[in-house]
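Engineer: The lines below spell out each chain.
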Amino acid sequence: MRYLPKSDFERREMLATIGLRSADELIAHLPADVRFDKRLNLKEGVSEFEIVDYFKQRAASNANGYASFLGAGVYNHYRPVIVDAVVSRGEFLTSYTPYQAEISQGTLTSIFEFQTMVCQLTGMDVANASMYDGSSAVPEAAMMAVRITKRDKVLVARTVHPEYREVLKTSTQHQGIPVEELAYTKTGRLDLDDLKKKLSDQVAAVIVQTPNFFGLLEELKEIAPLVRSKGALLIVAFTEAVALGLMEPPREADIVVGELQSFAISPSYGGPYVGIIAAREQYIRQLPGRLVGETTDAAGHRAFCLTLATREQHIRREKATSNICTNQALLALMATVFMSIYGKEGLRELAEQNLAKAHYLAGKVTPEFDGPFFNEFVARTNGKSPDQVNAELAEKKIIGGLPLGRFYPELKGAMLLCATEMNKREDMDTVATVFGKH
Amino acid sequence: MTYPENFKYTKEHEWVLVEGEAGTIGITDHAQSELGDIVFVDLPKPGATITKGQTFGSVESVKAVSDIYSPVSGEVTEINDKLSTAPETLNSDPHGAAWLVKVKLANPAEINELLAAADYQKYIGG
Amino acid sequence: MIKKVSRHIVQNEPLLFEQSSPGKKGYQLPALDVPPVDAEQALGKGHVRSEIEDFPEVSEFETLRHFTRLSTWNYAIDLGLYPLGSCTMKYNPRVNELVARTEGLAWAHPYQSEELSQGCMEIVATLESALAEITGMDAVTLQPAAGAHGEFTGILMIRAALEARGNPRKKILVPDSAHGTNPATAMMVGYTVENIKSNERGMVDVEALAKSMTDDVAGLMITNPNTVGVFEENIRKICGVMHDKGGLVYMDGANMNALVGIARPGDFGIDVMHLNLHKTFSTPHGGGGPGAGAVACAKVLTPFLPSPRLKRDGNLWRWNYDLPQSVGRVKAFYGNFGVLVRALAYIMAHGSNGLRQATMDALLNANYLRTLLEPHYEIAYKAPSMHECVFSDDRQSAKGVRTGDIAKRLIDYGFHPYTVSFPLIVHGSLMIEPTETEGKKELDLFADALISIAKEVEETPELVKTAPHSTRTPRVDEVTAARKPIVRWKPESTASKAAD
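Chains as they are written, first to last, in this note's numbering: chain B, 1 to 438; chain D, 439 to 564; chain E, 565 to 1064.
Source of the hints: derived by calculation from the structure; they are not laboratory data. One should not assume that every hint holds.
Capping the alpha-carbon separation at 30 Å, the derived lysine-lysine pairs in DSSO-like fashion look like this [stated by the list, open to error]:
| id | chain 1 | residue 1 | chain 2 | residue 2 |
| --- | --- | --- | --- | --- |
| 1 | E | Lys963 | E | Lys568 |
| 2 | D | Lys501 | E | Lys1019 |
| 3 | B | Lys169 | E | Lys863 |
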């Protein structure tokens, strides 16, 4: 097998050193009733050419070269070439978690930059080295709020991504943390009356998303005082990081969670992505996951290391802030390179282009909700069902928006459309045509 | 390091100094030396109730956390604020400036079950 | 004598923010083909930010140079051996990187129609099936994002199964040698944890287990081979003890690199387990992630697997959400698909014979190192090692030198340290796992290094205690980092020092 760097001669030499005559003696101590003496029922190993070809064939039975108007938590943004040039370096790709600071300053420094940029982007004081993804960051934030407030209830807006809400439920169901959903109004945004009704002294946190699942911006300036008045924490989530290039960040939040997939992470059929969790200064010791801190080395130079490890599972074990071990270092690096390349002005311009594209498209169909939106919006497909519209678009090699009926039965006749800087005007015109104006 | 005669000790390496109905609690020199450089101390708030034998906080070094077990039961009247900005005091002066909490004892008789200085010293093999 | 490394100059590099200058650009966007929109008009004045304060402004080449220089400060598997026990740092095949970037796969959106996603779904189905075969289990889910996430999923499934029988029970048993994620996970599923002592062979004490196994116990989390690299020879009996009283057994698959092709957990009684695709199945560690935590289970638990699951509908794959007993969703979408592609490519490259050969070479390498090192370091347990061996620093601590110091001195010899101070049942442990992708030369250099260090401990212990000496960055002040955490750069940062 070509990845195994030993000749049979070397194997024999090594066995002799150990004092064995054959490799089988290495497993002779295994009880007979556990040994698997058959052959695994798998094909034999194939050549590199065949591997590449296999995946090419699979890709060929996937959509190829289609324009896409899907968003809903995963966004099509251009990936600068520099990103892969950096992450393909073996020193980044194949390095281990930076527990040994002296030989991991590359990783540690870039994570420190990542943490800094996440704070700058979100308006928070501290951020960790990343979470698995946006969806799993939400329950982590909820658990943080429960620890901090010592209350146990969580309220979550229905305008938070449906799958994120599912993950929240699954993760909290056995921790004595009841989760209740908050309605939205006919403007497609959080129903403040419902919030007022459900807030109480038992509520640890209120979770909202902005831009929300329907693409609309929530009014945090109205939501935050209500939440505070009951001593609960405000958790704000986002799925479209590009919005933060232009949108006032959620400074009113106590904890911010989100997804940075938009920053040079391929959609890749659902993962891997990179989540973030950020918070106000005083909550730093309640953050889950890895944290990189600045310090000095023995020669007095600035250096970085993993810090506050006592929060984590490998030390605190059953009392840890979370069981999380891995962070998404390589993807966090992709996002860091992306943020560096675009920079302050670039992220803004990118966001402005997204805004323009989506508003152009929205002008040609009829958005369902009246309110400020970024690069996504809901539109009814009057006369045809969303599936019919998508079928017609597919014939034109266009992937249409997400039919909402599966998540919001009350929006069965509508779809969620997203337009980014990668969508061309002519394709948007086609979508408009297929929609037809009614 | 000598262990003050007027302190009482636990097998979990806490000490308590009782003066009438008031007690002052800390961790022993042995404990701080096992932990290494202390980086953080987690204490309850004034007004909290603590119970003999149960944990009421923790002490952290870079690579370890140690729960603090209460030698007595009572109500926390004061906590040592200095430790939040200078946790290293626990390393340098664990029996003096780095006391953790002061309590109003609920049951002063509890201290009879604790170790005297000589017994604690023997227990840790000193 | 240090043979593997020599001194070399390495570039310094400040933080990006420290090279930022207003107006520097690293990007160019195409011209808009639609009318621009005024942000304040569209969003409302209160919703538009004036700027992203202190965000860097650098050019493309500076960015590339910045990260390139940073990369030269890292050790990596591409540079040499990582003897980290239970981490399985093996070669990350480059073809895996290529195929993961195949356009139709990399740009697939999880919500595109099933008809347009058949390629992706076929890959998921194929990997599920291969992992089921390798583990001897009945079904696999690829939804969890990492090992700990997989553990959470598995224990969640155990709870659901017991709830379906009428009583979820209260406790999970965890050996005292277990990885920290195990007890942390049990707590997240609403269980309390009871530790089971290891016996003098480093294995689970079956009698202690039988005594602790009551009707209050939902299950046992066991690692096999365990964290001292030793096969739990009583595994069948252990599973029997648990099953007899209605409990279930979870296996932490972190050490699967010792078993592929030679033993199958499903065959010896495990009910559910996770696999770390970034360990056994070669997907890159990337400095700390991403991973993927596949979960495989026996028939008794298949109804409880996370939703959705793949099902066949004529010639098509479809996602089936109609799973009434499922524990629900543990992650948005379907799993870390990009990582799954790499794991499947790895399996394809090896095939059944290759996988077995890889395991045998992993065992050979670990035992070879053990033989070379046993004269110099105290082996923690006499039982035969599988893919990793564990020593304690007993002999060296007599000279005041601990495992952490030896680990740091190993850096001067050009290696990444082994796993220090884990598992907790070994005092001052050195846990060493070479994996199968190390050649004899690298292993000999490693053994020579550790033997040389053992000699240094005898003759010049201070040299070891103050190591490393040759790195660009000497020992780092972790104490101050924890006492006064600084986790972001700020413009008025005073901690910056010269020569960075």
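Engineer: Given the hint that Lys169(B) pairs with Lys863(E), does the C-alpha gap stay at or below 30 Å?
Structural biologist: holds, 25 Å
Engineer: Checking one constraint from the list: CA of Lys501(D) to CA of Lys1019(E), max 30 Å. Satisfied?
Structural biologist: Between Lys501(D) and Lys1019(E) the Cα gap is close to 28 Å, so the pair holds against 30 Å.
Engineer: Can the restraint linking Lys963(E) and Lys568(E) be considered satisfied, given a maximum Cα separation of 30 Å?
Structural biologist: Distance of about 26 Å is within 30 Å: holds.
In the structure shown, no violation is registered for any of the earlier numbered hints.
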